[in-house]
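Chemist: Single-letter residue listing:
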Amino acid sequence: MSSATLPTVADVDVAVIGGGPSGLAAATALKEAGVKKVLVLDREPEAGGIPRHCGHPPFGLREFKRVLKGPEYAARLVAQALDAGVEIRPSNSVTAALPDGLLTVATPEGVGQIKARRVVYATGVRETPRSARLVSGARVQGVVNTGALQSLVYLQGRRPFKRPVIIGSELVSFSALMTCRHAGIRPVAMIEAGPSATARWPSAVFPRLLGVSLRTNTKLLKIEGTGKVERVLVTGPNGQEDSIECDGVILTGLFTPEAALARRGHLEVDASTGGLRVDQWGRCSDPAYFATGNVLRAVETAGKSWAEGRLSGQWVAQDLEGRLPEVSAPLSISIDDRRIKYAMPHLICPTDDPRDESGMSEIQLRLTERVSGTLIAKTSAGPIWQRSINSRPERRVAIPIAEIVAQAGGENITFGIKERHK
Amino acid sequence: MSLSAELFDVAVIGAGVVGCAVARRFTLQGAKVAIIEKASDILDGASKANSAILHTGFDAPQGSLELDCIRAGYREYEDIRGELGLPQEKSGAAVVAWTAEEMDQLEGITAHAHQNGIGDVSIIGQKALRKAEPNLSQNALGAVWVPQESIIDPWSAPYVYLRQALENGAQAFLSCNVTGGAFDGQNWQLETSAGTLRANVVINCAGLYGDHVNKDVLGETSFEIIPRKGQFVVFDKAASALLNSVILPVPTEKTKGIVLFRTVFGNLVVGPTAEDQQSRSDASTDAETLKALRADAVKKVPALADMPITAVYAGLRPASERKEYRIDADTGNNWITVGGIRSTGLSASLGIAQHVYGLYESMGAVHEPLESPVVPRANTLSEIGKRDWQCEGHGEIICHCELVTRREIEAALQGPLAARSLGGLKRQTRVTMGQCQGFYCSARLAELTEGKFVLPLAEEFADV
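Protein chains in written order, with my numbering: chain D, 1 to 422; chain R, 1 to 464.
Hint data in this document are derived by calculation from the structure and do not stem from the laboratory.
List time: in silico PhoX-like cross-link candidates among lysine-lysine, alpha-carbon distance up to 20 Å:
(1) D:LYS418 with D:LYS378
(2) R:LYS323 with R:LYS256
(3) R:LYS299 with R:LYS131
(4) D:LYS115 with D:LYS37
(5) R:LYS291 with D:LYS222
(6) R:LYS386 with R:LYS90
(7) D:LYS341 with D:LYS378
(8) D:LYS219 with R:LYS291
(9) R:LYS299 with R:LYS127
(10) D:LYS228 with R:LYS426
(11) D:LYS228 with R:LYS452
(12) D:LYS162 with D:LYS228
Partner residues aside, some chain R positions facing chain D, computed with beta carbon under 7 Å:
(13) ASP286
(14) ALA287
(15) LEU290
(16) ASP306
(17) GLU396
(18) GLN437
(19) PHE439
(20) ALA446
All C-beta atoms in this analysis are idealised placements derived from N, C-alpha and C, irrespective of residue type, glycine included.
This is chain R alone, in the form it adopts within the complex:
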């Protein structure tokens, strides 16, 4: 069975944040794009859990592709966010030193940032830090101040990237697992769990399964994914008043460390941990680790001791055996691999998409960019914009904690990216993500999503 009679210019495998950005870029450049995702909803792998920060690249490896992509991604985000209706709050970030040894590293971090082209990064002393962050523990000695680090909506952004691709001609194939394929010297015929699909070039954006896709379809892989789990703890919304900026630790060799950050949804979050593991699907949380995260947050911001916990979550980052992006074009096979996007995917995605399009052009592809592409508007879920509950005609508020309306839920259950799982619906609307975690709204939600989810929230019973 064939998924589509059409021959696509490119098939993007994987609808994570990178795949969505790539699908958008290629569509705007005039290519005919198919995007294939094995889950029922997009953003269901690595992209479902992250720190929701738009990084400047101040601490990225010097001269790296990662740095270039982060910087280009940041610039494009600022360019397009107005028309797409995406939020950005330039909260700034402070890389805080808690010990004398860490204080000694601040100059190096600053110099590194300057070399990376982030000229406004500077060291601030204890007094200035206390003034900027009065709720930070008195043990904070000083910090590197990065004014342009921003907080953004990590789901509405990729959703609107992909929606822009779809509204300009791209096609999405969800619940389609790519199992194999063959290249005839001209085009690829991909085998998926739901049928075959033909495309001239394949772009592997399969994240946590990137190496598997290369092996299964291309027959070889030059890298191996080593999933790195990150656990997070979300505090009650009231806690977000305790911080202004993102609080980063002085990084170690392995990880950027545990961050305290506000979200555009009005929460305060601590995380992630960095735990290498074999499983590509096990994003379970662990009580002891969560307690340690909470304790770390309280140590840094003592007033958090009295703040209830709203949510906990874990995500898997598609790290590889090397600390760099693994993006390469296999020109002979019409294949581009976008792998190992280990922790900066959200920030870099638009830049990665530009870079990948460049690789594609260097393979000889030529398209005419769309003259006046359709520009969709993103869902407004952040506290920065005007939410649906503030507008008339929303029907009713279903989720009281996150103020999600019936109109928002009904919209998310329609269209080519309709939510087919609770996870997908949460990412599109924030429903059940507040402090009660569904205590009040689960029943209404079961009613509204009847017949929509692959795994229903509940089933009707006959009176017993």
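Bound-form chain D, shown alone:
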């Protein structure tokens, strides 16, 4: 086993880390904007990201004006990027992202370095695994996230169990249900801690259609079994404990940005999103780095991530031409209420020209619980903006940046909530 004869330092205009929808869209947009050397580094053997293993519709409505299954959609995104002249390097793992766009990359041939004028982080999201959820019980086989289940089922034709419980009722939980159906897996129950399904559709009706009962106000207490899952203990709506016989547990959702690389490096990570700290162009604390898509926050659909990636590509192209404003006197955006999970972007650089439409047009917020009340933005001078809000967790709340900044007087902005009087 000899040491590789690298490092060779390759110079590129832009290196995109991650070849999922947002990364491929950014790279494609960069090429379309005339940027010469654009490289996508993907650690998997094939680019395409999460949709690669979502073997069911609906994908592609926004991008290709038709309904596709995940793998077809991923293949189209890859083909589109290649057509535009993007170079895609699969099986390339970025192991360190250093100041000024210097990347260390592990490949099957050895370790090399790439120097990029700009780097776009597009590493996406993953679900929170059992460990980080601090679930009680035995360490047994058969506890998986939806992502792992999908790759097993759609990429390998394998199933890890036959009668699991599904924990959660986000959109992805229904994707887990469809995945089970494809593999002849019959979930015994779908369990949701909240009072109703988190996802907007297909609501409580859908699992019942597939013969799976949705149990709301029910919490997972403990996983039991020897070697493999044998049952889960749950507490129901009235606090009563119940045991459900099953041979697996699918832990769905609770997405978190895949920011491990950034966390180990020099870029600032925002504690509330768990993703990179950026301004309205997705520019990171090192201006050689940008971020786009779900690594900014959990979680949006592939289509939305793709759209964000397109915009990011355009902004990075502008930056390479020196057309993005420098970071100066930025306002910080923060939150001051535990019911608000995060606000993104975290910094806004006021631009001289109010007609400048470059950059994100909205601040994205999400809630930790169902809220009915008034969302208030304030500065040290007091409230500057408010709007009534009636929303649930895991749904995007969008605030027009222009509206807020116009009132802020150059001051930092904090979001809070005033509950409606009952």
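Put chain R on the given structure of chain D with help from the hints.
Modeler: This is chain R only, laid out in the frame that chain D set:
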């Protein structure tokens, strides 16, 4: 049915860290060794979860066998780690006082360490402690500084100990549960779930089941195992930059207490708890306990509040009803019991093996030490050495979080100690032990381990 036609000099029952070290020592001394393990993979009992620290023995009971074994084990580890390719980072440890009462105990801890022969242990004040550990809470008042405490790889070490034994003639019998046996005045015939095996001397290193083995085979036991569970929480790799050394609390009567330690794999861990229990197999975790552990860590290192949790685990320590090792030789029965290795097994294992070989010699055994034994190289899984992903020809990176290559996985699935469970594969490669816990690589892993595991990760399905 007989497992082997051969008559072995010794049969070691249990392939935990102690059994592996004993098998190595006896083999190097020239004995013909069989090691018998009931699980499909080695290190599957107490040895699968520990604090991965090589202790100096500064706080071990004075004049105890445990102290002697820890000190001898530490010395031998330093002697052999170069040739076996084992990591050691002398991070040092700080026994931190958080209250005035604890401050009062630091002098006693230091004096105890000096009496134990650890002369470089000293008290450091608040200022020096803050300089050494700037991320520690400002409430830390002072500490006993133990410069030689080290962090090591808790699995690659015993694996290479046993591999050295096997490559020099020892034989391993895995998935073999010892159920009984008979001694004819000369030799033992052991009954196992897979057949019988003959040996001159039996060495019981059965850890959590040590008392059961004595009772089932020898017919009597002089001690009782009272399993002590320890739960741990592993933080994201970024957290490891927050500490330099091992942070120990001032110990209590019962336990060394909850430790904050970095691992050679680049993680930061808090634990263990100390929970006495009846079950010898129930290493389940408990959400409330894990939250309390996390809170304890955040109290000591406030910056951990923003750090995600990567993993949680629990282990069982084979404590006995007495706070000491229970090692004795029953000369009349050609039987040596190595029991009650309650919490320092990793540090002491090589020293225990030396001691046990001494007991064996005092039974009258004579062998010729191997002149030029085969010296295998351990897997390099720590961040200290050059990992496989940094070398060409590794195939591909399968586990992205821990950067585990296909070549490493394929190697771990071969040979006499081939992984036959996910747990075994994890200990040999670290696969799925990172922050995603298998989100990305489970499917590839199911494919690569097809037909290899006793309990498969997944099964193929017909299209429905």
